[in-house]
Amino acid sequence: MSGETRIRFTEEMKGHVAFGIDDPEEGRDAGAADRTSFMFHLTIETSDIDRFYHEPEHEATARGWIECDQLGGRLPVSQGVFNLFVAGDTPRQREMRYRLFFTDGVGNPLTFVGVKKVEDHKGFDVWTDTSTLYSRVLQGHVTAENEEMAAVVAAGVLRILKRDFAKQVTTFRASGPSLRAKARGFLMFLGLFGGRLFEVYIAAPTEEEGP
Amino acid sequence: MTGLEHFDAVVIGSGFGGAVSGYRLAEAGLSVVVLERGKAYPPGSFPRNPADLGRNFWDPSAGLHGMFNIWSFRGLEAVVSSGLGGGSLIYANVLLRKDEHWFVHHDPFDGGYETWPISRADLDPHYDNVETMLNAQRFPFESDGYGIAKTKAMRDAADGLGLEWQLPPLAVTFHNKDRPPVPGEPLADREFPNLHGLPRQTCRLCGECDIGCNYGAKNTLDHNYLSAAKHEGATIRTRCEVRVIRPGENGGYVVQYVEHDPMNEGRHTETKQLPLVTVTCDRLVLGAGTFGSTYLLLRNRSAFPSISRALGTRFCGNGDLLGLMVETKTGRPGHERPRRLNGAEGPVITSAIRIPDGSDPDGQGRGFYIEDAGFPEFAGWLVEMTQAGSRASRVLRFAVKRLLAKLTNDPRSDWGAAISEALGGAELSVSSLPLLGMGRDVPDGNMRLNDGRLDVDWTTESSQPFFDRVEQTMRDITEYLGGSFQPNLLSYLDRVISVHPLGGAPMADNPADGVVDAYGEMFGYPELYVVDGSAMPGPVGANPALTIAAFADRAMDHAIEHASAGRA
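If you read the sequences in order, they're chains A and B. Mapping of the first sequence onto this note's numbering: residues 1 to 211, in sequence order. Mapping of the second sequence onto this note's numbering: residues 212 to 779, in sequence order.
With the rest of the complex left out, here is chain B (with noise of 0.2 Å):
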């Protein structure tokens, strides 16, 4: 094909899997464009009033250019974000290994199948370079000013229930190069000029980092890795949305995206009637998010004929489990008084208690992490449907508007508008504290489409041991800590909201079993590689973004090496 544009690669999504490679692939010296179906977010600009952040959705066809991503489905709520840097603008900075006995060739415990291709070994010296690339740090708790109270009320918990208590690696800058930790400091150049040519400063300890964080103390992506790629010459597009990819005529690929134009946000756009801008590749990365990625393969199918069978499988929400504590009290018996847990203090995530698993020596059944989850906003809706508070009345709607998606049997998944609707300013008290759970649920979903819809059909059924020890540990710790456990509205619906989908184009180290290989590297399509979080033929158990990045860098590492021999 002549006249089109060409790159030495084109990647798809610009989150964990897509930042990373992009910069790998630009840094090796390859031509290359990342494109991104959101927004730039440069430190500022997030949204922060209750009528933008209402606004703050990602559905086009309906005008919402935004950054959260939701959906919907049978089993769960998943959160994920569309813009820049991918999740990483909406994450809580959790930096975890997955636990190095996790990565588990067949289940022996509870009968699900899951296996990976790779292990700790592998992964080990690419979550040493990404740890670099995001200068994590851990939480200064010990230095003065940050004491704060929810990373005590933590250890506390953990210290006196028996539990694994840590202050994780983050992505968040609280101190510069050899200063002590100190809130607000400009932060110091690093060796590729900011993209946003924007300054940036340590982490002021507001909580907001899950809705974007606009002092750019939180290493989100487009800081780093994103800004590297641009000064390695890659070329980075916002608001492209890839709706077409298959296999070039002549070797290589051939990428068709949309265009969504800012004069659109806020008016109704059908992304399918928008015209298609065409590109080639000699090779082409998916880093577009388990939901993207998948989406993207499962719509164009018939173009890859050859692709494995386990096209949608080994579908799970990494075990995601949102607890609230309550009312938590401090003091001798009959003089308490409530605990001061000041949620919307520090980072949202600072402190992580580990369950062991089965699989550790010390273990039994399927292993998971408790961390303090500070306020993201997005769970602000939940709070208000279990207080039943002031917007009852939008909350109420949007029930209606579910319960009529159900009865009239629409699948609809992508609920970004419907969900806009319902959320509001959350009340929680001092004294309450949200819990977020993760670890090792059963990867037995399936991600299928219905009527040209994303569909999945993972429950919590096969889960439920592992969700109720999860939850019980959250009530010991509530107990702990003088409050009341709730647990959040949909679990009495069985159903979970998920921050970290994965699965659906799992890798494997056969194509029966997956449709990548241990480098993510597609069977049957050479130099077709998916790095995101659809690639994990089974739940991460610890915050997955490491894991995901790891995995990318290791697989980019192969994809250099292929161009490399290539070019001799």
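Isolated chain A (complex conformation) (with noise of 0.2 Å):
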């Protein structure tokens, strides 16, 4: 349809995990201790951004690759999601869902599972918890269904630094039916990854009501 909002983006996330570990935050200090480095270099990419906002089912794409050394180095993603999900009382209480799909150095396969919660209200800081991703890696490809049963490989957390968050601004592309279409999905973007600006989009009126 004509009438969707595309948008494109380039993500870089860092940050520490460690394995034998289940925990995110236990696993950031552990993995620090022991210099173990994680990182993704995905770009996203979904077809209809005021979809991809209401409907959890309606997923983006992420493309890239993992970087840990402690798993072979640099790997392919065979297949990523992005996906945003209301995890709360409100609508501005959300979570954005990583589910990416690798093979370790020998072949493995494994799942890269994150999530990044994303809030709105005063005294929030915004900008620390949009910026951090708890994650974890688990053991073969896993659904959201199977992910209770699955063994965890690693946990840590991943971080976007803001330097790197000005750069991933840059890489931003969209396409739209109009230039306003573009600008607010834009502006959806920024509410989404900057934090800050969130207030911004949730005030600007929308055109589709979500299900």
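Derived from the structure by calculation, the hints contain no laboratory data. None of these values were measured; they are calculated from a predicted model. Using N, Cα and C, we set each Cβ at its ideal position, and we do this for glycine too. Some hints here could point you the wrong way.
[Said to hold, decoys possible] Chain B side only, calculated, beta carbon under 10 Å to chain A, not exhaustive:
1. R415
2. R454
3. N461
4. Q467
5. R510
6. A514
7. F515
8. I518
9. L522
10. N657
11. L660
12. D662
13. E672
Could you fit the two chains together into a complex? Lean on the hints.
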């Protein structure tokens, strides 16, 4: 449909993970202590940002690679999705979820699962939270339904640095029916990923109602 | 899974852990395959001419399928072996037991954490078993024709300095049963056929132990444990390098290996491009050596999510320190003449001086041994570098390559090809003799993956007081013999060369401290055993081969008990 606003951008997040630990925050600390770095470089693309925003089942695609020496170096993502969930009482509390299928250096299938909280209320440190990805690496190629059953290979926390976010903004591309639609797509992107401008988006009238 | 070859047990590696395990499991009636990455070396097949020796390195991607596998890390260089029989092909035959008091429970002296979940008493019956199988004999120093100069010099120095001296048991046949020692006497057959099907003979005192014994006098594992394993029905596959291990979906383990085709020898062939062969097993035994097993576990870590976080820890080089005595002299003051030590005569190591440890009733600090090191050919390049002889340009090229690697921050750790280039014939005079020190350094190194390669961060720093003491004792011995002492060149760079790397999958009594238990069985992964140097939670102190073999023998008691309980 010509009414859709597509957006695309490239994102890099970095941090530390630890093997043999299930809890991301514990994993971050242990991974920093034993210098186990982890990063991803993803190009995220959605065919319709409004549906993406309102329908959790409407997934954006994520293409790119993961890099972790302890898993075998730079590893291509064979299949990646990215979606937005309502996670709380109000639509202003959302969760962004990343699910990336890849294989380690010797060919073991793995799944990267990351959760980022997006909230908007007074006193909330928007930048810190929207730039923090609670991450786990699971054994096998695991769908959301089977996640609970999967063995955790590693856990940790990835961050996006402000400097890198500035770079991420420059990678933003939108296509849509009008300049206004494209601009709105950009604001939605900033709202989701930059945090501080979230309110700008929320204040803007939407053209469609969510389900 | 169907259609895949299945064994009761897969044993990876054929060194002191793998060979013992392969034999014990086969003898217990299990179907066993032993997978060895290197070649088989029958007596007479070890290279001797300089060109072949220069190519005798392991770096299959570079077309080198030879015996010496050299690794280079920040704080140490390490030499290990590739071939049927593993480290036994190049080791110096010493079968010392780990000192009773050196199974420490934490180090009370230098603060380095070290705890052994086993004791000397636990290992003693297994030490006995291994000594019998390896036909341990002491160097017959008192026999006619065996009173060689280097052994006498070591004894004299020990006497003069008041140090404890001994002729340690060696895995070398000097005499047939009930016969006096005679060089070059044909060996009597053992109770199982030799897998090479070739005759052997008693030690001819040629000093070539470290580059492979062409007479079969050295009781390497192919002549005993592996021959016996084959006799008991084990399948032995050489040139098979395991790349992938993982738990099977319905229990047991899956193992995938590549084959290093002799056709690829001398040709650049990326190992990772080779096709994988898959076998399955009910129990898996890792005996690929400290680097081999730990590297395999690190690379396959995501298939073992419950593996202990201690994976990669407790690395050390068993305190190895190589030194060189030169220009030793004898005779009264004013009438000195060069002392002929004839380092190339006799087996590589004949005697050992022991300096007690603080854990012993009469010692202090960290204990160690100093042994006469004959002429290990791998040390030739070190000597060349200190003497800057005729092959200086090759050495220089090697040094430049290494410098470049450092500058470009390339942690390329597998140096077979580069060292091969720098190696040449060592010129050692009759009055010089290398000394090999080893003992209780601090096991505080970590092994990890760095850009797909194995990286070790161990340095001499925390062990410096230990190394200083070893070096001082070497200087005392040298001075007593009227010579001057040359530490190896690497020591100026605070680096050591180790032939005894240990740790990485340490044993412990709990999964927080170790990867495997006191029987080598992995925490969280039943019937997966680690039986090589990587299971050592710290330095053995003495030459570690016998202790690794005894540990494997004990582990297999446990594995066989499990297996028969499962069948009952």
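List, from low to high, the hint numbers that the structure doesn't satisfy. 1, 3 and 13
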